[in-house]
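Chemist: Add chain B to chain A, keeping to what the hints say.
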Amino acid sequence: MSESSPEGEDPGRAERLGRWLENTLLAAVLFAMIGLAATQVVMRSAFGGGVAWADEALRLLVLWAAMLGAIAASRDNVHLRIDLLSRFLPGAWRRLAAVLVDLFAAGVSAVLAWYSWRFVAESREFGDQVLGDWPAWAFQAILPAAFALIAYRYLAGLHKHFRRHLPATGTDPA
Amino acid sequence: MLAGLAMLLLALLGAPLFAIIGAGALLGFARSGVDLTAVPIEIYGIAETPILLAIPLFTFAGYVLSESRAAARLVRLSAALIGWLPGGLAMVAVATCSLFTAFTGGSGVTIIAIGALLFPALVQAGYSERFTLGLVTSSGSLGLLFAPSLPLIIYGIIAEVSIDSLFLAGIVPGVLMMLALAAFCLLRNRDNRRPLAEFSWREVRAAIRESIWELPLPVVVLGGIYSGYFAVSEAAAVTVVYVLIVESLIYREVPWRRLPGIVRDSMVLVGGILLILGISLASTNYMIDAQVPQQLIELVTSRISDQVSFLLLLVGFLLLIGCILHIFSALVLIVPLMLPVAERYGVDPVHLGIIFVATMELGYLLPPIGLNLYISSYRFNRPVMEVCIATLPFILILLVAVLLITFVPALSLALVPK
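Chains as they are written, first to last, in our numbering: chain A, 16 to 189; chain B, 930 to 1347.
Chain A with its partners taken away, still in its complex shape:
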């Protein structure tokens, strides 16, 4: 086998970069969360009280971890689902169902991204603040960003359902 990649295609620098970025951000958020939460426990046990802003910061970190995790879950295609029928469908119908399902997921994510964007814009207009005097919109911005990326992920994955349909000549080393 001279062909190294079974798909006949490099997994792509964008894919590697995206995955690396997700992993790095997730690790940064999670370890910040662990450090801060542990500090709070020590402070409470030793001095009877923690840092005032830490609890709010921890809640924001949980939101970021959740949304970054959701973005990563879309890349790995492991969102919770039921999937009872599609395994009983014959090949062509199954592909059609997969396309429909991904379009639907992309559509809902896009609508959620749009209204999240409006939510963030309004919050910016009103000058909402978190953690003392930080602008809330900067922290809330993860919502539209995440839903937009998730929508993109489902659209970008659409072509996979068609590829297996193509004649094999495209990747044939002949």
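FYI, nobody ran anything at the bench for these hints, they're computed from the structure.
Cβ atoms here follow ideal geometry from the backbone N, Cα and C, with glycine treated the same way.
Possibly wrong hints are sitting among the right ones.
[Said to hold, decoys possible] If we take Cβ atoms under 8 angstroms as the criterion, some of the chain B residues that face chain A in the derived model are:
1. R1134
2. V1167
3. V1169
4. L1204
Modeler: Frame of chain A, contents of chain B only:
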């Protein structure tokens, strides 16, 4: 109505649940003329629920534990302690699986981490392959009733009941399910009571020395939570730091360079769970606005008058749900609707949580989607059908335990302070 049917079809075809619930919430709010920014505002509620902190922390700690050889040490220690009993190895399986599942939150890693160790050992000790397959598969979801189980935490958040009470209420029912399985193991293997090994202090000492760093963990975490010294999220923070220090620095079984991958795997699960939790905050809010729970109460009370029939129906319904929904999805979708109905029949919300999680534990074993069936089939290289058949007697035993838990509320509520 048409939109509802279309969404049901899409769900059955495998659309991600967050999109289904999200579409439901968006459509509902749009129809009643509410500005749709209400949906992201509800999702932002993730950042306004302090207890959620426990979920990423415990999940990550569980993933790190399952990457280390903690499972092997746990099996060795319990084999040294109770392996000499007749049928001892089967009981080792039940006990270690429960403890490990409680700490890893029911994501299916127990079968991979512990089942893989026990399967060959059990077969070698003379248990039939089919029995072993069933035992390992069904033990893989035991323990979800013990602290710090994720499903109980999530139930507490959704139902707005004290998580400490839920943890206390889960103890007796959890032990009951363990005993039911252990008793079944003894009964089925009357003729094979060859003990695993002679009891030996030397082996006990060696096993303790080997796991000396991990032994304090359950004591600190469970003691801390059950005694009320730690809040649940504090216990989670302690667990994570402790597990990282022990597995990465002391045992050096989880090198730092592996951590980013473990972070990703665990946070993908957390993201999936919290996303549907956040979105379902919105859909629940809409359903309450639309008085769906009231309609459901009227529908049910017009047909069912007494608590006993209601509870029977409830368990049957949950088993059905368990066949098609994973426990986390079922929690966010079903609990908000079921809770007011159950309260109408005088079911205590804490008791309801225990019924829910105990029944959904069985859901892990039910075809067509039961997670444990597929993990076992994959891990032990057996057809899913064979795993199903092997697991069937265990399901029936656990079902008896679930019915006891359902109809004897004192099992759950006796330990809970009023």
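Chemist: So which hints don't hold here, by number, going up?
Modeler: Number 1 - this is the single hint that the structure violates.
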